[in-house]
Every structure is written in C-alpha cells, then in structure tokens.
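Read top to bottom, the protein sequences are chains A and B.
Numbering of the first sequence is given in our numbering, commencing with residue 1 and proceeding in unit increments.
Numbering of the second sequence is given in our numbering, commencing with residue 1001 and proceeding in unit increments.
Don't take each hint at face value.
[Said to hold, decoys possible] Not the full set, but computed from the structure, chain A residues with beta-carbon under 7 Å of chain B: (1) Cys100; (2) Ala101; (3) Leu134; (4) Ser137.
[Unchecked claim] Heads up, simulated DMTMM-like pairs for lysine to aspartate or glutamate below, C-alpha to C-alpha not over 20 Å straight-line: (5) Lys1067/B <-> Asp1023/B; (6) Lys136/A <-> Glu71/A; (7) Lys1149/B <-> Glu95/A; (8) Lys171/A <-> Glu24/A; (9) Lys1067/B <-> Asp1141/B; (10) Lys147/A <-> Glu1095/B; (11) Lys1147/B <-> Glu95/A; (12) Lys74/A <-> Glu51/A; (13) Lys1052/B <-> Glu1071/B; (14) Lys1147/B <-> Asp1023/B; (15) Lys52/A <-> Glu71/A; (16) Lys149/A <-> Glu1095/B.
Treat the hints as calculated values from the structure; they're not laboratory data.
No residue lacks a Cβ here, since even glycine has one placed at the ideal position from N, Cα and C.
Here is what each chain is made of, one letter per residue.
There are 2 protein chains.
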Amino acid sequence: MAHYGAGVEYALHTLLNLSLAPDETAPSARDLATFQRLPLAFMRKLLTQLEKAGLVEGSEGLRGGWKLAREPRKITALEIAEAAQGPSPLFECREIRARCALWEEGAAPRAATSGVCEIHAVMLAAEAAMRRELAKSTLADIAQRVKAKSARPDSTAIPDWFAGRYAERRKS
Amino acid sequence: MAHYGAGVEYALHTLLNLSLAPDETAPSARDLATFQRLPLAFMRKLLTQLEKAGLVEGSEGLRGGWKLAREPRKITALEIAEAAQGPSPLFECREIRARCALWEEGAAPRAATSGVCEIHAVMLAAEAAMRRELAKSTLADIAQRVKAKSARPDSTAIPDWFAGRYAERRKS
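Please model the entire structure based on the sequences and the hints provided.
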C-alpha cells in the first residue's frame, strides 16, 4: 500500500484547482466536488481539514466560497500532505532490540535501549530526506508546471470552468 | 500506518544480527528466531525472501546455517527494505486529472494526460530522495554504530550469544 493515500492526492489536486481558479470566482465546496466528480460530503470534510491546517479559508452559503489562505508560493506539498493525512511516519519502531533473547522479557538493561535504535535512525534519516523534498515543492511550482504545458487544454480550461460556475451562481 | 512495516524492521534486525554473529557460528533459522523471540515459521519465510534477493545464503540441517551473501558494506538498507516488502511506492497516482468535469468520463483528451501528472512528479521526487538516503546506509555502517556504543551490553553480547548457540549445537 502506498504511504500517501487518496486523501493526499485529492488535497493536492483541490488546492491546485483553487490556485488556478481566478480569485473572484471563490469556488464553493460543491464546485470543487463537481469538478473532481467527488461526493460533496468528502469535499466538505477535506476542506475542513485544510482549513484547520491554515491552508484555505472560506465559508459556505450564497456569498461564500473558498480560497487559499496564503499565496501559492507559501504553501508546500509537505504541508498539504500532512494536512490531509497527519504526520505519517515512514517507519514505526517497535523497539524490538529490547525484546531479544539476551535478557528476560521486559527486563532489557537501560544501556541497551538508550538513544534511538540504529535501525530507526536510518529510517528517520530517510523520512527527513522525503520531507525535505516535499517541503521544497510549493503549490506555485506545481501550478507553474501545469500552465507551462501550453499544449494542454486544462492550462486555461480549469480557470475557465470555475469562472463559468461563478457566472452561473451569480445568475441564479 | 507506517510505510515500512514489521517485516522490514525484522529483516533489518536479522541481517544486523547475522553481521554481528561471528562467521563460524553460522546461525540456524531457529537461532535467529529464538534470538528475536519470533515464530520459527516467520523467520524461515523472511530468510527465504532475503535469500531470493541475494542478501543471505545458507541451508538448514545439522551442518547448515545462514550467513550474509555479501560483505556488510555492500548491503544497503534500501536493498533490505525492498527484499522484505517489495518496491513500496510512496504514492499511487490514480490519474484523477483525467476524471475531472472538463470532459466526459473516459474521454479526457490525450494532451491533458500526457506525461507524468505534476502532482505525481512531486511525489516521485520525494520517493527518490527517500530511496537515495536508504541506499546510503549500509549494514556495515549500522553494525559499526551498534559496536561504537561501547557502554551497551549488546555490542559484545550479540556475538557471544550466537557463539554460545553454536557451541551447544556442536555438543549435541
């Protein structure tokens, strides 16, 4: 099973869509859910998580809508992943060094279990490298790369779609 | 849930124990299982996986026993983790960009889904950073750090334990 699940994937896409949607269109939870063909309840829950993490702000209702709480260049992929899924350690050390046959169960001498297990330390270094890399990518970088693929229809189609939803809302 | 599970943790500890056990002691699967208080069947399965990955070699039986297939400085933490758990991607891209409301389901234009999704690309970079870090640590590095903690009883206790098991086997 992958470390980062569907919640992280949808969180990243939702914030990318918010960063591509023109500011004045203030997409509703329904707009964002409809765009990704997701159940509205799932999107509402996701937006609540992202709001708690300080990444989006907004409200529901006729004059409501959602927007990024910070500039896209100040939101990292790491923050988004952790907002959607929590800190997600790469490795959970079960301290099995303390349970070996050298001593009675539960009676490992303190010196044998002091400090971080050397195997756990290797995994913590790998996790730190992963997190550093995710912290380097901002939402602005990702949006920039989507826009740079000028041949791709969604580089303008996404903003246009949200503008269309906004126009419809204003009519009704 | 942690990305790397108990199988990876026991694989790392088992190979560390093999690297600390004196060569001539050639621990049996039973020795290795007993040392870690694990079911023998679990250890046998783990050794088979590690053998398939070319990390250990050995045989069961009175004159059998297990040893590393290569020098500890030529076995990396990445190889051990992948031997125990397979390649384990950090993120499984569901290509949700192809399922948005811009087009009919299953009818995304080719240009919109060509190349790696920009969000997947960020996750692949994080996975590469994690793997690079795990590939930097060898079994020799880990064993060295265990031995360096001279105050720790297991720096000599582990080799002694396996030597004791070997002596007992020879007697019987």
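Evaluated hints:
Hint status for Cys100/A: holds, given a least beta-carbon distance of 6 Å to chain B, under 7 Å. About 5 Å separates the beta-carbon of Ala101/A from the nearest beta-carbon of chain B, less than 7 Å, and the hint is met. Evaluation of the Leu134/A hint against chain B yields a held restraint, the C-beta minimum of about 5 Å falling below 7 Å. The beta carbon of Ser137/A is positioned within 7 Å of a beta carbon in chain B (closest approach about 5 Å), and the interface hint is therefore held.
Between the alpha carbons of Lys1067/B and Asp1023/B the distance comes to roughly 7 Å, so the proposed pair stays at or under 20 Å and holds. For the suggested pair Lys136/A and Glu71/A, the alpha carbons sit about 15 Å apart, so the restraint of at most 20 Å is met. About 17 Å separates the Cα atoms of Lys1149/B and Glu95/A, which keeps this hinted pair within 20 Å; it holds. Between the alpha carbons of Lys171/A and Glu24/A the distance comes to roughly 15 Å, so the proposed pair stays at or under 20 Å and holds.
Taking the CA atoms of Lys1067/B and Asp1141/B, the gap is near 18 Å; set against the 20 Å cutoff, the hint holds. Restraint check for Lys147/A and Glu1095/B: satisfied, since their Cα atoms lie roughly 18 Å apart, inside the 20 Å limit. The suggested pairing of Lys1147/B with Glu95/A holds, with an alpha-carbon distance near 18 Å, which does not exceed 20 Å. Between Lys74/A and Glu51/A the CA atoms are separated by roughly 15 Å; this keeps the pair inside 20 Å, and the hint holds.
A hinted pair counts as satisfied when its Cα atoms are at most 20 Å apart, and Lys1052/B with Glu1071/B qualifies at roughly 17 Å. The straight-line distance between the Cα atoms of Lys1147/B and Asp1023/B is roughly 16 Å, inside the 20 Å bound, and the hint therefore holds. Between Lys52/A and Glu71/A the CA atoms are separated by roughly 17 Å; this keeps the pair inside 20 Å, and the hint holds. Taking the CA atoms of Lys149/A and Glu1095/B, the gap is about 17 Å. The hint holds against a cut of 20 Å.
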